[in-house]
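**Q** Please arrange chain V on chain G, whose structure you already have, making use of the hints.
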Amino acid sequence: MDFFTIVQLGDASIRMAIPLLLACLAGLFSERAGIFDIGLEGKMLAAAFLSAAVSFSTGSVWVGLFAGIGISIVLSIIHGLASITFRGNQLISGVAINFFAAGLTVVIAQGWFKQGGRTPSLSGAARFDGLDFPGALTRVRDKMQASPGMQFYSEFVSGHSILVYIGLLTVPLTWWVLYRTRFGLRLRAVGEAPEAVDTAGISVVRLRYAAVIICGILCGIAGAYLSTAVQAGFTKDMTANRGFIALAALIFAKWRPWYALGACLLFGLFFAIDNRFQNIQLQVIWIMVLLVGASIAMTVYALRREKIDVLVLGGLSAVLTAVAIMTWVGSTGEDIGAIAALFETVKVPSQLIQSLPYLFVVIVLAGFVGKAIPPRAGGEPYIKER
Amino acid sequence: MTTTAPAIELKGISKAFGPVQANKDISIRVMPGTVHGIIGENGAGKSTLMSILYGFYKADAGEIFIHGQKTEIPDSQAAIAAGIGMVFQHFKLVQNFSVLENVVLGAEDGAMLRPSLAKAREQLKTLAEEYELHVDPDAIIEDIGVGMQQRVEILKALYRQADILILDEPTGVLTPAEADQLFRILGRLKDEGKTIILITHKLREIMDITDTVSVMRRGEMTSTVKTSDTSPADLAERMVGRKVLLRVDKQPAQPKETILDVKGLNVTDEAGVHRLKDVSFNIKAGEILGIAGVSGNGQSELLEVLGGYTKANGEILMNGAPIDLTGATSDGQSRRARGIAHVPEDRHHEGLILEFSAWENTAFGYHHDPKYQRSNILMDNAAILQDAQEKMDRFDVRPPNPQLAAKNFSGGNQQKIVVAREIERDPDLLLVGQPTRGVDIGAIEFIHQQIVALRDKGKAILLVSVELDEIMGLSDRIAVMFDGQIMGERLPAETDEKELGLLMAGVTDTDKPHTIEEIEQNLAHAGAGATKEV
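Residue numbers (our numbering), protein chains in the order written: chain G, 1 to 386; chain V, 1 to 534.
Calculated from the structure, these hints are not laboratory results.
Mixed in with the good hints there might be a few duds.
Unchecked claim - When the alpha-carbon atoms are kept at most 25 Å apart in a straight line, the in silico BS3-like pairs for lysine-lysine are as follows:
| no. | chain 1 | residue 1 | chain 2 | residue 2 |
| --- | --- | --- | --- | --- |
| 1 | V | LYS407 | G | LYS384 |
| 2 | V | LYS202 | V | LYS92 |
| 3 | G | LYS384 | V | LYS58 |
So here's chain G without its partners, still in its complex pose (with noise of 0.2 Å):
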């Protein structure tokens, strides 16, 4: 692997992450106050369908962006109602906006536009285009022949959309809005102890509309990024469940912004590499070890815990061990012997590829990643006591 190649799949990572990272962060927000919002998925689903709909229409994608802003923060308000001023339960609400969203974009894409359920394809002023940074090379043949730091340069710092460099500029924003402002201190609380932030003569229910209208904000802007910069368009469920592996890291970071940035660069590194080799040539025993040791590091661990661990990473070790042999016996059906065939280089099945972001998100939410304590008050309606 050259250079190049790693450079790419840093550029590529980004990419992926970014609409993990902005949903992310808007789990961040809205559960940081106490509000648990599964609905992330949903939100981000409609904010690219609205942003590529209305895009098309209006050619500029600059209204399509804020289109999208405004029907993910008009869900959030759905939801917030839902869980705010009517108690409500927080997980109904937001598997509610998900179906919503998951029928609903299809259903009006294939009234508008009728393409079966998916909207034109945008171009031009309707797309967000890559900025090029003064000096860097476009042309992949010209980066190839660069000098690495102008490798670097033109391919992963220069060339992405502006919601790009937005979506990495809001994790110092949020970690600055969080820890160094009043709003901040306000919201931590309200999630942690909304008596203490009523007694304290604040109001419970601002804050947690504020805060779930931020959550709203930031899945516009994921969901508008999916279908006009990483896409030209919408199709259908194009989010891919991005909304609930967000909610993962959120778990991974701790609900903490710069530990949710380190975690959603993972999974987008595991998607780049899903995008990029489909075509993953190893030697057997390589395969063998990774998935072996994987299995056993899942066995000694849930052996530890005593717990309902046992059974699920019990479970994935024992499949990943049975994929290890699989491509072993596989590899010896040319019928070279059982210890060459641990040398023979086969293609890595790309659904083990695939499968790696959401094998990882299983693993993080069997509390692989030592103890994540929520929000005290997270997903509890605040009713004041008598």
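**A** This is chain V only, laid out in the frame that chain G set:
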């Protein structure tokens, strides 16, 4: 005197929750620079009244005057602006915030945090010196003890420039030493001209610290008197509306053979915390053993082990025969079969099913009793109902209606249902946890009489309570628990609250004088476990 306006004057405050009249036409005047006590049974309307003053509820009728000015208090913000600070019974602190952040929350100076925090740090230093309220501003709330947390609450109020401080049952979670410290602080605040309202149901506190006292009964303010003109017995009578016995009337115990013998009991919880450490004691027939201690020092675990819902290591002999502590017969059902009855600490979660009716609640745990069975499959509800009716009559449960859901009874009557269920089984050993927590004075008297009566029938009783008065009054022998250990045993006649208080703080050489700092350090050390218990 005539020129000073009262710090607080309430005129004709009324508040109803649906059909329940929580406050009826209440008027009260509190002069500045005094400590005013409000005493009353549970549900008398004390907390409602203070919640109105703090803007949590809006009164249906009436007026509030602060320093002679008519003031509307629609929300807490307005109360704070009027100079009212409130220390709630359950602290309103953000557990994973620092002391500083908790103090600043809601009283920031601007949109940016840093200047506010810096200013608060300076301010806390001044306050600490002025009122002896020393707290580490960078300590995280969940790491400090309950007494410290309470100080943070007081600091919060002072930082907001409160000159009227309301404290709701402030000593419920404190050791006697911490309570004394609190009262010293309150005395200091009073000297500085602050007005203090103390809500409590403990007569001793009223007598010790207040200048004037108001008594509330069933939503009404029945009387306001100078503390120096009254006595505990007089106040109790005003609270309940009839004469009450404050001292438990009992004969000296006549202990006989050993009923329960506990040897080297150890419990480690799921988080790996050592909750009980080598606990050993015994109880004889016809004897009440009281376990004193600040809540969360292992008393709950001890009751859980004996009651059969926590596993433990060690040995327990009941009537000379060992009890199964880990195996198939270590459950509550088997314990009851061995003659152990249990009035749990938390009657809402462990003693009763609140949604179920009283008659169903009187049979829980004993529903396998043959006399409740119609056949092998069917229960004899009529028999349970009749049995419940008899128990409720004997224990004077009001209203005496077994069909009513348990949640509709007052705290005292709920407790009577639990006590009736357990005592009526005529157990050899009765475990009683916090028998009078949230129970009004009239019912306390009755429950205490029942416990003593059971003792006089020659039964063994283990009493766990955080109320020292209760422990001193009822017990024939007192063991003090601290940090999962028994610090010592004393006879009530040969000890006093001071000595017990030191033992409760983990100090065993009780003859030596000790500073409050030492005790606090001790408590903070054991505090991690103590604060998590509710």
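**Q** Okay, which hints does this one fail, numbers in order?
**A** none
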